[in-house]
Amino acid sequence: MGSIELVCPAGSPAMLEAAIEAGADSVYCGLRDETNARNFPGLNFDAEELARAVDFAHRRGAKVLVAINTFARAGGEDRWRASAKTAIGAGADAIIAADLAVLAHVRDLSPTMRLHLSVQAAANTPEAIRFYVETFGVRRVVVPRVMSAPEIAELIKESSAEVEAFVFGGLCVMTEGRCALSSYVSGQSPNLSGVCSPPEAVSFERTAEGMVSRLSGLALDKTPSGATAGYPTLCKGRFAADGEAAYLFEEPTSLNAMGLLARLGEAGVTAVKIEGRQRGKAYVARVTHAFRKAIDALDRGESTAPYEHMLTDLAEGGRETQGAYNKRWR
Amino acid sequence: MSLEITLGPLLFNWAPEDITGFYERMSREPLVRRVYLGEVVCGKREPLAAATLLAAADVLREAGKEVVWSTLGLIATPRDRRLLQGITQQDEPPLLELNDIAALSLLPAGRSFVAGPLLNIYNGSAARFLVDRGCERLCPNIELSLAAIGEIHRACPDLQIELFGFGRLPLALSARCHHARQAGLSKDTCRFVCDRDPDGQAVATIEGEPFLSINGIQTLSHGVHTLSASPDDLQAAGVGAVRLSPHLCDMSAVIAAYGRYFETGNRERLLAQLRACDLPGPLVDGYLEGAAGMRLAAAL
Amino acid sequence: MMHPAEERLSARVLTDLALALRPPVELLLNHAIKRAWRRSANAFGRLGPYQGRHYLIDPVDLPVAFALTLTKDGGTVKLVRRTRRPVGYVAEIAGDFVDLLALFDGSADADATFFAGELTVTGETGAVLALHNALEAADLRLADLLAPAALAPGLDPVLQRIVEWRRAAKRTGGKPHGVH
Chain C
1 MGSIELVCPA GSPAMLEAAI EAGADSVYCG LRDETNARNF PGLNFDAEEL
51 ARAVDFAHRR GAKVLVAINT FARAGGEDRW RASAKTAIGA GADAIIAADL
101 AVLAHVRDLS PTMRLHLSVQ AAANTPEAIR FYVETFGVRR VVVPRVMSAP
151 EIAELIKESS AEVEAFVFGG LCVMTEGRCA LSSYVSGQSP NLSGVCSPPE
201 AVSFERTAEG MVSRLSGLAL DKTPSGATAG YPTLCKGRFA ADGEAAYLFE
251 EPTSLNAMGL LARLGEAGVT AVKIEGRQRG KAYVARVTHA FRKAIDALDR
301 GESTAPYEHM LTDLAEGGRE TQGAYNKRWR
Chain H
1 MSLEITLGPL LFNWAPEDIT GFYERMSREP LVRRVYLGEV VCGKREPLAA
51 ATLLAAADVL REAGKEVVWS TLGLIATPRD RRLLQGITQQ DEPPLLELND
101 IAALSLLPAG RSFVAGPLLN IYNGSAARFL VDRGCERLCP NIELSLAAIG
151 EIHRACPDLQ IELFGFGRLP LALSARCHHA RQAGLSKDTC RFVCDRDPDG
201 QAVATIEGEP FLSINGIQTL SHGVHTLSAS PDDLQAAGVG AVRLSPHLCD
251 MSAVIAAYGR YFETGNRERL LAQLRACDLP GPLVDGYLEG AAGMRLAAAL
Chain A
1 MMHPAEERLS ARVLTDLALA LRPPVELLLN HAIKRAWRRS ANAFGRLGPY
51 QGRHYLIDPV DLPVAFALTL TKDGGTVKLV RRTRRPVGYV AEIAGDFVDL
101 LALFDGSADA DATFFAGELT VTGETGAVLA LHNALEAADL RLADLLAPAA
151 LAPGLDPVLQ RIVEWRRAAK RTGGKPHGVH
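Here the protein sequences come in this chain order: C, H and A. The first sequence begins at 1 in this note's numbering and counts up by one. The second sequence begins at 1 in this note's numbering and counts up by one. The third sequence begins at 1 in this note's numbering and counts up by one.
Where hints are given, some of them may not hold.
[As the list claims (entries may be wrong)] Within a straight-line C-alpha distance of at most 25 Å, the following computed SDA-like cross-link-like pairs (lysine to any residue) qualify:
| # | chain 1 | residue 1 | chain 2 | residue 2 |
| --- | --- | --- | --- | --- |
| 1 | C | Lys222 | C | Leu109 |
| 2 | C | Lys157 | H | Ala204 |
| 3 | C | Lys222 | A | Val60 |
| 4 | C | Lys157 | H | Gln89 |
If you're looking for bench data, these hints aren't it; they were derived computationally from the structure. Note that the structure is a prediction, hence the values are computed from the model and not measured.
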């Protein structure tokens with residue numbers, strides 16, 4: 001492992017293997033139910049697959065982090081507790097959680113299990129981080145994608161937890177874990193069910209002017225035929241305030257902060273995270289490979305510039321941004 | 001015992017004279033027992049209304065109302081942090097409503113507090129955790145169904161529950177100010193343009209269907225949320241109070257309508273009386289039943 | 001770089017091959033499914049409630065389409081005519097043959113391919129997601145789909161070449177002619 005830990009997504013055992021073979025230091029994954037925030041049909045691991053994956057990873061010197069990062073349903077906490085048990089039993093290296101209940105269940109089951117605070121907990125201040133460190137012994141915090149590089153540096157100075165920052169993939173426009181847009185429209189949301197803009201509510205309608213994407217019948221965007229679109233996530237749609245339709249909340253772009261790796265390293269970031277458990281093996285292999293090269297270059301004292309455009313075509317909607325890492329985004 | 005009525009914190013950027021006038025009227029509302037004051041949405045706004053709210057608090061307390069101070073939903077900047085440090089670490093602090101977990105770490109141990117709807121408390125264990133830290137009342141997250149609230153009540157029977165029962169629903173917070181962006185500005189250079197939309201700025205889909213509303217860094221629903229359960233069902237689930245979120249419409253008429261509903265349980269009349277109130281959007285009521293929040297309210 | 005006449009010939013060869021070899025093509029594909037299943041038995045189970053449902057995989061540049069049905073115990077592929085309006089499919093995925101192959105090959109990013117407008121999906125989005133995720137996990141490869149060598153020697157290199165040429169054309173923005 002280099003100076004910065006490279007944490008990569010795995011939506012399936014095949015994807016996990018691809019990530020590790022491409023040079024990931026750690027991979028993160030979820031179990032096949034609503035206990036994780038990528039609860040898509042056909043995605044994620046069952047208990048057996050997880051145990052085998054941990055074994056595979058450990059033999060190659062890599063770590064497995066299990067995301068149990070949704071908020072346990074009232075009256076149904078058993079399921080989240082069971083997921084924690086499964087992860088602990090499989091030998092996972094850390095559990096990524098956000099809910100006070102889940103953090104408490106993990107601690108109850110294992111005083112020593114490493115806890116990472118999910119971005120879904122939206123802990124963006126030293127006070128918030130201190131709360132989780134003191135209460136549950138959280139060792140690492142995944143910071144919201146909306147923090148700028150200088151803000152992350154400040155945070156690290158004042159906090160005792162390690163910091164993990166997203167550097168590639170789909171951006172959440174709203175504060176993660178604090179958004180109910182999806183449930184307002186479809187009845188399901190990341191917090192309620194581990195999914196945003198659930199596929200069963202998605203429909204596409206081909207019209208003369210192009211393809212209209214809808215969520216529960218509500219029109220989110222219209223793309224001319226042949227043009228690039230993205231999964232119809234609510235906040236990335238086009239809406240009209242004062243008459244003119246625009247990408248009101250965010251352009252459908254992707255985060256690619258490879259150019260900021262050096263600054264993030266200087267700021268004291270322990271790990272960088274690639275988003276995209278649902279993006280498949282090809283995606284994770286390419287992205288991991290590019291970031292592996294970039295981090296290794298950095299550690300040799302070289303520039304990351306040669307690797308920066310390796311991933312442009314993978315961006316959602318074909319466009320990229322450095323997001324909030326550049327403060328002008330606000 | 002009938003359900004109590006409270007007034008939630010004003011979410012919008014109103015002019016000081018409008019705030020003063022509003023709370024003067026509310027001080028004369030016999031049905032309102034408790035009023036929440038304070039800036040919840042944006043730390044930049046806090047100094048604008050601070051003095052006005054302090055004066056309003058005096059007026060309300062003199063009229064026999066209980067005042068609770070609501071705090072920021074998203075503590076983001078150093079200024080926000082200093083603000084919260086100031087509020088939470090007073091010698092004799094008033095009762096506070098906390099909306100960001102950072103505030104919990106700042107509040108001295110053992111102090112009572114209200115857990116606001118912007119906290120992520122979705123189950124009994126999380127609620128119990130807060131109760132053990134001094135939480136005396138929970139205003140559940142607006143996503144929660146009545147069934148879920150009932151489960152929380154079963155896990156924490158001594159916890160008071162105050163349900164968000166009227167107003168545009170607070171759906172999301174963002175570090176980015178959408179209001180400013182709409183006006184071609186940014187959060188740092190915003191010129192407080194959010195003051196142009198005292199009920200939030202309406203947002204429609206590309207097919208012209210009104211859908212959301214923008215209020216600074218907050219995104220709210222376009223629809224106005226109301227109750228889809230009977231007063232009896234609410235109380236069976238542990239709800240003791242219902243929160244009405246202030247809007248421009250005649251809030252006295254809204255208060256009267258809810259008061260009557262808690263006595264009679266006549267929901268058709270509640271909906272009719274609310275619809276006569278010049279609301280900023282159609283009545284919606286899906287969340288309490290675990291349905292989409294934007295489901296239009298129909299008489300049961 | 002292929003001459004346009006050569007492009008058309010290759011596509012037609014492919015089509016004729018498919019039509020003439022219908023039973024062996026189906027056998028070939030069913031064999032591929034079986035091999036993938038044997039390699040990762042859990043994978044098709046990922047379809048969950050969509051097991052046993054029928055998917056229509058529709059290569060718009062061929063006069064035939066494929067009806068795919070998978071369960072945790074295996075699956076079948078049938079060639080079907082495109083002219084008849086299909087019923088009973090939980091979802092339909094349409095696109096150029098090579099894009100569909102690449103999608104199932106796992107060498108393409110599903111999001112990028114689908115949302116670049118190269119594939120059209122109708123029906124239940126959840127069913128398509130489940131299928132993609134199941135095939136992803138099954139680690140299907142192009143070789144699996146096209147070439148148990150015993151059944152169709154010589155087919156694989158032709159198809160490989162067409163796939164490579166098609167991808168190169170896309171990268172440089174050229175669009176080859178479709179042939180029906």
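Check the hint pairing Lys222(C) with Val60(A) against an upper bound of 25 Å on the C-alpha distance. holds (23 Å)
Given hint Gln89(H) paired with Lys157(C) - CA-CA distance at most 25 Å: Holds: Lys157(C) and Gln89(H) sit about 23 Å apart, inside 25 Å.
Can the restraint linking Lys222(C) and Leu109(C) be considered satisfied, given a maximum Cα separation of 25 Å? violated (49 Å)
Hinted pair Lys157(C) and Ala204(H), Cα distance within 25 Å: violated (43 Å)
Hints 1, 2 from the list above are not met by this structure, while the remaining hints are.
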